[in-house]
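Asker: Chain by chain, the residues run as shown.
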Amino acid sequence: SAVISQKPSRDICQRGTSLTIQCQVDSQVTMMFWYRQQPGQSLTLIATANQGSEATYESGFVIDKFPISRPNLTFSTLTVSNLSPEDSSIYLCSVEDPRGSYEQYFGPGTRLTVT
Amino acid sequence: DQQVKQNSPSLSVQEGRISILNCDYTNSMFDYFLWYKKYPAEGPTFLISISSIKDKNEDGRFTVFLNKSAKHLSLHIVPSQPGDSAVYFCAARSDFGNEKLTFGTGTRLTIIP
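The listed protein sequences derive, respectively, from chains A and B.
Quick note, in the working numbering, the first sequence goes up one by one and the last residue is 115.
Quick note, in the working numbering, the second sequence goes up one by one and the last residue is 113.
Some clues are possibly wrong.
[Said to hold, decoys possible] Think about it this way: if two alpha-carbon atoms lie no more than 27 angstroms apart in a straight line, the pair counts; the simulated BS3-like pairs of lysine-lysine are:
hint: 1; chain 1: B; residue 1: Lys-56; chain 2: B; residue 2: Lys-5
hint: 2; chain 1: B; residue 1: Lys-71; chain 2: B; residue 2: Lys-54
hint: 3; chain 1: A; residue 1: Lys-65; chain 2: A; residue 2: Lys-7
hint: 4; chain 1: B; residue 1: Lys-54; chain 2: B; residue 2: Lys-68
hint: 5; chain 1: B; residue 1: Lys-100; chain 2: A; residue 2: Lys-7
hint: 6; chain 1: B; residue 1: Lys-100; chain 2: A; residue 2: Lys-65
Simulated from the structure, these hints should not be mistaken for laboratory data.
This one's a predicted model, so the numbers in the text were calculated from it and none came from an experiment.
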């Protein structure tokens, strides 16, 4: 399985600011995914990030609020912009299995609290 | 519209007994199902999966059963161990969903020593 790290592991941010989350994978993968888990809720896909192309956003998520970069096959960033308390969540990146199975492997998550 | 549902938010099971976690789905296009386990402050960890062409898949203490006609799957853990205490998510995938996983709301399993 792929080993995934995320930075920061947690942060407390003020309303109106932005937070950029980094995701690093130990192997080259084509597709990376960004999820959000709001308190007591399920994991919800924000967007899919392919290297060399624009991210594909799910319904309810827009690029202006959640810009994503994917500069190479092992790294991606998610920015959560213009923060409000409703953005307080755990943000997780995941990658497809490099061996080609349908499994996805997740990073440890970034816990964001907006005050 | 919750396409994958886990109707039991929590479950407590005695150590050594069988834990059964249930999951229902509504989208008939789902063709691959996965179970993940999540400890606090960690990302979900893949446990076991099943393709829609099968009705059972077993891996050690973990067995997943799929009933396509009922759109229902279950995860059996036997025997249950204290380290199994975690939140369990089922997830589903469609060939037409661009590798997207749709997750259930999770079931918190507590194993009582």
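Asker: List in ascending order the numbers of the hints, as given earlier, that are violated by the structure.
Answerer: none
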